[in-house]
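Protein sequence lines, in the order shown, are assigned to chains A and B. Per our numbering, residue 105 is the first one in the first sequence, and the count goes up by one each step. Per our numbering, residue 2 is the first one in the second sequence, and the count goes up by one each step.
Everything labelled a hint here was simulated from the structure, so no lab data went into it. Be a bit skeptical, because a hint or two may be false.
Heads up, simulated BS3-like pairs for lysine-lysine below, C-alpha to C-alpha not over 25 Å straight-line [stated by the list, open to error]: (1) A:Lys107 to B:Lys77; (2) B:Lys55 to A:Lys152; (3) B:Lys55 to B:Lys77; (4) B:Lys58 to B:Lys3.
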Amino acid sequence: MLKIIQSSQAGTVESNDILIILNPAEADSGIKIDLTSPVLQKYGRQIKNVIQEVLNGQGIVDAEVSANDRGALDCTVRARMMTAIDRALLKEEAKG
Amino acid sequence: MKLRRTMMFVPGNNPGMLINAGIYGADTIIFDLEDSVAISEKDAARHLVYNAMKAIKYPCEVAVRINHISTPFGYKDLEVILAVKPDLIRLPKSETAADIQEIDAIITAAEIKHGFVPGSIKMMAAIETAKGIRNAFEIATASPRMVAIAIGGEDFLADLQTSRTKDGKEFHSARGQLILAAREAGIHAIDTVFGDVNNEEDFIAETTRIKEMGFDGKSVVNPRQINITHQIFMPTTKEIDHAERVIAAYKESLARKSGVVSLNGKMIDVPVVKRAERTLAYANAAGKNNGRVKL
Numbered sequence: 105m106l107k108i109i110q111s112s113q114a115g116t117v118e119s120n121d122i123l124i125i126l127n128p129a130e131a132d133s134g135i136k137i138d139l140t141s142p143v144l145q146k147y148g149r150q151i152k153n154v155i156q157e158v159l160n161g162q163g164i165v166d167a168e169v170s171a172n173d174r175g176a177l178d179c180t181v182r183a184r185m186m187t188a189i190d191r192a193l194l195k196e197e198a199k200g
Numbered sequence: 002m003k004l005r006r007t008m009m010f011v012p013g014n015n016p017g018m019l020i021n022a023g024i025y026g027a028d029t030i031i032f033d034l035e036d037s038v039a040i041s042e043k044d045a046a047r048h049l050v051y052n053a054m055k056a057i058k059y060p061c062e063v064a065v066r067i068n069h070i071s072t073p074f075g076y077k078d079l080e081v082i083l084a085v086k087p088d089l090i091r092l093p094k095s096e097t098a099a100d101i102q103e104i105d106a107i108i109t110a111a112e113i114k115h116g117f118v119p120g121s122i123k124m125m126a127a128i129e130t131a132k133g134i135r136n137a138f139e140i141a142t143a144s145p146r147m148v149a150i151a152i153g154g155e156d157f158l159a160d161l162q163t164s165r166t167k168d169g170k171e172f173h174s175a176r177g178q179l180i181l182a183a184r185e186a187g188i189h190a191i192d193t194v195f196g197d198v199n200n201e202e203d204f205i206a207e208t209t210r211i212k213e214m215g216f217d218g219k220s221v222v223n224p225r226q227i228n229i230t231h232q233i234f235m236p237t238t239k240e241i242d243h244a245e246r247v248i249a250a251y252k253e254s255l256a257r258k259s260g261v262v263s264l265n266g267k268m269i270d271v272p273v274v275k276r277a278e279r280t281l282a283y284a285n286a287a288g289k290n291n292g293r294v295k296l
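So that you can see chain B by itself, here it is in the shape it has in the complex:
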């Protein structure tokens, strides 16, 4: 089970941050060629990310956020970055399936050109407009390379003509639709960044909320947000214990060829077993990652 609890943005034109990006324990690092890079430095960031990825073996999934292909930079970003085989290409401002399919074709050509395994470079899309949210399922299923969709928060709020509130009501509808689209498509749903890195209390509240909604992870902008997020996403000892007992009861009933399974007087049906399996798989993957949980 691949975890994407934290996807950490790293500005693409900062050598110090690029070199150290792998040491903080994020599940995925996203080298950014887009919003964190000045227009006059797009060429420099591209060279820097390319050379860092070529020289450094990062211990986690490596994604690159390219500029949109409607800008003068997007195609050049792909040409340079695909040569060094990122795990993931993250496309900003995705609005239609056609956006995804065009990049899919470029990746396919690059995989052939460089002799990479076909389909080995994955894609994710950030949805940052009302139109994109409306097309979320089409975007999520536009290519077999797609592994995640994410909300790009600030642009989305601008498009929605609103601003941030403490309880995040401005995102309610979009988050709900994004998670439904991701689940139907069978891929990950990733929440937007929380930019106020000094406000830990609201960060915890927001991350807990999106975890409860069903999100698989959160975009983060600072290493300090990584451990907090991982702790929130880690199943509790009680949840793990319950899941283990559910699976044990289910296996026992299968062995007895009994149709009905119960645990402590409560009926266990297939969705309960599936949830338990997910909890254990998650705890196992997280435990391997952090050395905290062993099953």
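In isolation and in its complexed conformation, chain A is listed as follows:
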């Protein structure tokens, strides 16, 4: 189980993208997802499922996610989540 120790951000609000803001949460508080999307009604559940799945896949069980979707496909949501998680876990690489 991994604990998020700092807030992080990944993605943009450009078309086809999604902006993810990942924040630490209290232990045992679970995963809270606040999603904004033009396709909230049709695909909101699907986007949230992908976010949840990526977090769980990385062993993260407590987090607050704020997601501003601009029509991202699942593969984009997954990629932006991976980047946000890496950054939150301080896996950020050395700058060139």
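Given chain A, work out where chain B should sit, using these hints.
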């Protein structure tokens, strides 16, 4: 015959462009993790390209331009991208055979780790310095994975301490040496990008020139440049017709066991037959691609 008339760069951190990259008809798309990606977004582009390649079945050859292994990003790029099995890894700023061999070894290890067919991931190298041009043949033959070498134009001009001219004289020497090295090595030679996408006239002139020099294709930066390039590289009806008659005359002479072949009074020797075969193979491959030429 594998065609690489157009190799289109696609910025690696742009989801919209990554998703649509396959629809424009380029022979190869190159997902870029290098110059088109900001230093602060290298991690994001890597994840995005990996996930796009995993989710989308592209209808063409897929290459990934990694950051050079002398930067903090190159090894990580390879680790992530090789797991999703690109057709090609494009290395920027190649200067020596050792650059290629080091990446070859990393690819070999990844193929074993992921259970891919050994040797199935190919490589190409961009040559962007005078030193690289001098070592072009060694680079081209450094690994059996190598399928192409390309000129990386802007960096090369900076290294040469010159700038772009209308007729491209600044590239004369480098293009000449690159094509010789590629031909000796038996791999493709790919020309640099033409960045001014609104200047169609000069793009056509440059692409025609490099085709005549013997290049196999051109790097492009905009979908608008794809069809123009394919048309320039397409053999003309006259060339195809001539090639067919050369092959027919040659086959007939073989059947008659005649030593000398001629067509319309002109002697046909082995190089002429080889050129004709290449023209037909090219037209056939291009025709399959575009549905224009059927042989």
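Here is what the structure says about each hint:
Restraint check for lysine 107 of chain A and lysine 77 of chain B: the C-alpha separation of about 23 Å stays at or below 25 Å, so the hint holds. For the hint linking lysine 55 of chain B to lysine 152 of chain A, the alpha-carbon distance of about 20 Å falls within 25 Å, and the restraint holds. For the given pair, lysine 55 of chain B sits about 17 Å from lysine 77 of chain B by alpha-carbon distance, which is consistent with the 25 Å threshold. With a C-alpha separation of about 19 Å, the suggested pair lysine 58 of chain B and lysine 3 of chain B falls inside the 25 Å cut-off, and the hint holds.
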